[in-house]
Amino acid sequence: MFGNLDFDVIRRALPYLFFEGMTFTLTLTGLAALGGLVFGTALALMRLSGFKILGRIAGVYVDFMRSLPLVLVIFWFYFLVPYIGQWVTGASRPISVGAFASSLITFIMFEAAYFSEIMRAGIQSISRGQPAAASALGLTYGQTMRYVVLPQAFRNMLPVLITQTIVLFQDTSLVYVLSITDFLGAASKVAQRDGRLVEMYLFAAVVYFTISCIASYAVRRLQARIAIVR
Amino acid sequence: MIEISHVNKWYTPSFQVLTDCTTSVTKGEVVVVCGPSGSGKSTLIKCVNALEPFQSGDISVDGTKVNDPKTNLPKLRSRVGMVFQHFELFPHLKIIDNLCLAQEKVLNRSRDKAMAKGMQLLERVGLKEQAQKFPANLSGGQQQRVAIARALAMDPIVMLFDEPTSALDPEMVSEVLDVMVDLAHEGMTMMVVTHEMGFARKVANRVIFMDRGEIVEDAAKEDFFGKPRSDRAQKFLSKILSH
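Residue numbers (full-length UniProt numbering), protein chains in the order written: chain D, 1 to 230; chain R, 1 to 243.
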């Protein structure tokens with residue numbers, strides 16, 4: 001079955017695949033996870049703030065993002081951002097943003113919707129006595145969140161947050177619609193160029209599978225450790 | 001020090017939790033609040049530092065009105081120490097950091113100063129060796145002593161205790177009460193919600209008895225234990241003192 005397959009093509013493409021493709025994929029994953037977590041936490045705080053309007057805005061945003069296919073958001077955002085930029089800055093022509101910036105902003109905004117639900121659950125898992133004790137010591141609302149509630153919520157939710165990041169890692173491959181050279185994009189380009197589709201896509205699958213598997217295993221280990229500490 | 005006048009609190013008009021509560025705590029006084037569960041005593045003490053809102057009436061602490069929207073609540077609360085039934089230490093921080101957090105963030109003390117104060121208070125409650133541990137590694141009694149030390153680290157002008165020994169195993173109650181008795185003897189102004197009548201007899205100046213959201217009896221300790229005026233207080237006392 002593998003008689004006429006040429007796996008040497010993978011070896012020759014390795015530097016390109018990893019130095020260009022995987023570097024991009026990991027950078028995008030890391031930055032999007034970080035940005036999504038910060039923005040998502042802000043959304044969660046808005047929803048839990050007790051101010052009806054803030055909560056509604058955040059709620060609508062989260063529901064909206066979660067009801068759209070990611071690939072559509074990536075696509076639309078890529079075409080819309082230049083015009084939004086033009087509108088915001090009042091420039092005479094659409095602002096050129098670049099595929100990387102555009103995809104990063106998209107992923108941050110999209111992931112924030114998911115991270116916000118995780119952080120909301122995390123914040124709600126903290127007993128109400130904790131913020132009460134912090135307030136009783138004279139900490140302000142902001143300080144209570146920053147030093148008492150969020151660190152605990154983040155720690156409790158760390159396994160879920162990492163799991164969501166693994167999903168994000170796989171989802172970043174969707175930037176292929178913008179012809180970006182992420183890991184899958186790089187593999188795809190080599191595959192087209194050398195006419196070795198099966199080998200390259202097989203290899204790409206193996207790499208995604210291996211990294212995600214190892215990360216999932218690490219999460220399970222982490223979960224066990226956290227369970228003991230608490 | 002604490003003035004509570006005509007405080008009413010309700011969740012719905014038909015569900016009144018506090019009804020026209022009026023009392024006061026003067027400087028250096030130890031006031032014990034007791035009563036059956038659900039009588040509103042915990043709610044009342046939480047109103048004092050505005051952890052619970054109330055619908056009408058006034059409470060002031062050291063001349064500052066708690067229910068005035070213009071009051072800087074964090075600042076007021078930083079001067080009122082509070083100890084909770086379930087300790088509420090911060091589980092992600094070491095014991096010493098539990099004591100330092102508010103000192104540094106609220107009082108803007110330097111790390112060194114906060115540490116020194118923290119260690120001094122830990123020594124005082126007999127837990128100096130536990131400074132680098134996490135709350136989960138301490139027994140309930142130890143945690144509650146840390147919680148008292150944490151409140152004292154802010155140099156409070158008054159201490160509120162909300163059933164500080166109710167969540168403790170019986171053998172740990174006395175170690176916490178000992179710390180509280182010492183505090184009382186040093187002249188700390190204290191308002192204590194508790195069922196520990198031994199503690200009340202030992203250090204209280206006054207006892208407040210609450211039932212169904214009302215202050216039924218507010219009397220000097222000797223009068224309260226000697227001959228409570230109300231039926232309800234008599235019944236309550238006979239129940240908890242019969243064992």
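Some hints here could point you the wrong way.
Looking from chain D toward chain R, a few residues come up when the C-beta cut is under 7 Å (computed) [claimed, not checked]: (1) 125; (2) 129; (3) 132; (4) 136.
Just so you know, the hints here were simulated from the structure itself, not pulled from any lab data. For each residue, glycine too, the CB sits at the ideal point set by N, CA and C.
Each hint, compared with the structure:
For residue 125 of chain D, the suggested interface contact is broken, since its CB lies about 12 Å from the closest CB of chain R, more than 7 Å. For residue 129 of chain D, the suggested interface contact is upheld, since its CB lies about 4 Å from the closest CB of chain R, less than 7 Å. Because the beta carbon of residue 132 of chain D sits about 5 Å from the nearest beta carbon in chain R, less than 7 Å, this interface hint is met. Hint on residue 136 of chain D holds. Least Cβ distance to chain R is approximately 4 Å, under the 7 Å limit.
Figure legend: structure checked against the earlier numbered hints; the only hint not met is number 1.
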